[in-house]
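Here is how the chains run, residue by residue.
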Amino acid sequence: MAEPNIPQVQDQTLAEIGADLEDQVSSSVQLLTHGQLVLARFKKNRLAVIGGVILAILYLLAILCEFVSPYDPDRRFQGFVYLPPTTVHIRDAEGRWRAPFIYPIKRMTDPKTFERKYVEDTSVRYPIKLLQKGDEYELWGLIPTNVHLFGVDDAAGPLAIMGLESMGRDLFSRILYGSRISLSIGLAGVFFSLIIGLVLGGLSGLYGGAVDNIVQRVIEFIRSIPTIPLWMGLAAALPPNWPQLRVYFAITIILSFVGWTTLARVIRGKFLSLREEDYVLAATQAGASRWFIIWEHLVPSFMSYILVHLTLSIPGMIMGETGLSFLGLGLAPPAISWGVLLKDAQKIQEVAIHPWILWPSIFVLVTVLSFNFFGDGLRDASDPYSQRL
Amino acid sequence: MRGYILRRVLQSIPILIGISIVAFLIIQLPPGDYLTVYASNLRSQGEFIGDEELEALKAQYALDKPVYMQYIRWITNFLQGNMGQSFYWNKPVSSLIGERIALSMVVSILTLIVTYGIAIPVGIYSSIKQYTWSDHVITLIAFIGVGLPSFLVALIVMYLGVKYFNLGAGGLFSADYLDAPWSFARVIDMLKHMWLPVIVIGISGTAGTIRVMRATTLDELSKPYVEAARARGLSELKAVLKYPVRVALNPILSTIGWMLPTIVSGETLVSLVLGLPTTGPLLYRALITQDMFLAASFILILSSLTVLGTLISDILLAWMDPRIRFGGAE
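Here the protein sequences line up with chains A and B, keeping their order.
Okay, so the first sequence: first residue is 1 according to our numbering, each after it adds one.
Okay, so the second sequence: first residue is 390 according to our numbering, each after it adds one.
To be clear, the hints were calculated from the coordinates, so they are not data collected in a lab.
Since the structure is predicted, the reported quantities are computational estimates derived from the model, not experimental observations.
Be careful, since some hints might not be right.
Stretch-level coverage of chain A by chain B, calculated; a stretch enters the list once three of its residues show a Cβ under 8 Å from a Cβ in chain B [as the list claims (entries may be wrong)]:
#1 142-149
#2 216-227
#3 232-246
#4 326-337
#5 355-361
C-beta: ideal position from N, C-alpha, C; glycine also.
Please model the complete structure; the sequences and the hints are all you need to start from.
Spelled out as structure tokens, the structure:
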């Protein structure tokens, strides 16, 4: 160890010496704020970080879906029904390396079986271009343009990186547009659950007695009904002639109808345990009002817990919407969501011949798993002083 | 003990009444009723149905009465074993529902057994072998499994089955036994087909239980009494199984009641995808066609059985754990 630098007393005032010492201490002992500790703990969990990054990308894609998707989701490619995913080549027929390109597709009918076949025409190459001009759209309904992130010349035929679906529409573009509904419905559902859960759970924990008893019985009641039959029943009750936006909100409310119960339980438990804490007693003695204590002391102390809980309940909501729309009880075309897209996959014979129509399910799986990883990492990180199991 | 059981039984009565009202109201919510659907279908096919005839049908099914009268009529008949007529199938509901509910229950209970049968030993094993590669593998699998949506797994499993293993398109029976009367051979055939849905429905529950089991056992294992037991020379197996595991099992068993609604719920969706002859597909059809007596009976019976299952598991728990029996129930 090096000798600490002892300042020359005669040159400096005492205040300066103090400041100097403080500098030395803070440079040798690292002080981390609570936020930094949380971040450090979160970064340690590699799966959680990966989950977070994937979610960020997915939500970004959803926000920019008009720009990223190569085609209008409703554009039909005549004669290319169920076109398999286009192969993107980086080597041409002579074996030379090239920038990514595709060959145009020719439709053939097998002379024996009359099966429809798609064959690549290797005589012409169409390079995939960035910022390609294509279908007109209005970004966020504001900026009219026709520039897409990538695409090919229209003469090349469809660039369908995930294939075309039963009506000859580009599945990749449709998945991107569908992510807007599928990803946002989880957030909206959680938001509604949070409001109901906070109010009822808070009342229940705060007042106790009869209010608590009633709320608890209602929660028990809702939880004892199997969720899916209940959701199916409620969703089937929606009038079929409702506009899709209203159906969207109705589905969200149906999903949060069950979702709030767990949240209310958690909040009630937190209220019950926290109101016994010494600092609450101290605040009461100091003359703080009840609402002041709730907002200044109680809510911040369990907010991180609630956030974690919310994150972990989003995937359930996304699954709910997917399941209902898949069954035809939720959203319906022309609305696009991952569940609506999966409706095509209901017939297993279709899936066996055109397996790429399962792509939306991969997106759902990845999203759900990412949310779980991310939420789990948040849970560990929200309490950075605990030991890890 | 008797007091506890009595209290618990009394508690579930309002829940059952509530469920019956909800089940009935859900079916009442959509505009129009089955008869309007039926009449418009007939008319679109060019057949004629007179207004008097429609009125007569309405009176027969009491659809002209106010909702609460319809409910009272329905629930009294229901309690006497008359579940009404299915409009769509034109058969008594009870004849349609019986076997399907039974099969649903068989699948659900089997799933419950398999879930615990796999999760508890694996969870214990994982905790004993903490931080070895087998523990890491189990933890990762459980971690992924918790979040897997069962009906998507069912969809993908179906595809793989059809594509690579040349399996038929799901179902619980092979072609020979599909319409055969119940026999020992048919039961065996059913069990052979049962494993796939059971695994698909059970995945997330099993994974969740493994995680809880591992965590609670680890908590117990780090306590001094386990150290003391080892110091006295108890075999490792006994030192783990005798007390720590018994304590660690508690939170798992006490949530058995929550597990059941989840499994029944998962079963409904998975059976629709896999085409099992259980409640899922028929409930779905009934909801789509507004076949109200059939749909309401399904929702009521499924939910009631779930409440009953929860009740039984609670009583069993109280019987096993004196702390619950003597008032610590809240």
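Do three or more residues from the segment 326-337 of chain A put their C-beta atoms closer than 8 Å to C-beta atoms of chain B? holds (count 4)
Closer than 8 Å, Cβ to Cβ, for at least three residues: run that test on the segment 232-246 of chain A against chain B and report holds or violated. holds (count 7)
Within the assertion that chain B covers the segment 355-361 of chain A, do at least three residues meet a Cβ-to-Cβ distance smaller than 8 Å? holds (count 3)
Per the coverage rule (Cβ-Cβ under 8 Å, at least three residues), is the segment 216-227 of chain A covered by chain B? holds (count 8)
Check, residue by residue, whether the segment 142-149 of chain A contains three or more positions whose beta-carbon lies closer than 8 Å to a beta-carbon of chain B, and give the verdict. This one is violated; 0 residues, fewer than the three required, reach chain B with a Cβ under 8 Å.
Violated hints amount to a single one, hint 1; each of the other numbered hints is respected by the structure.
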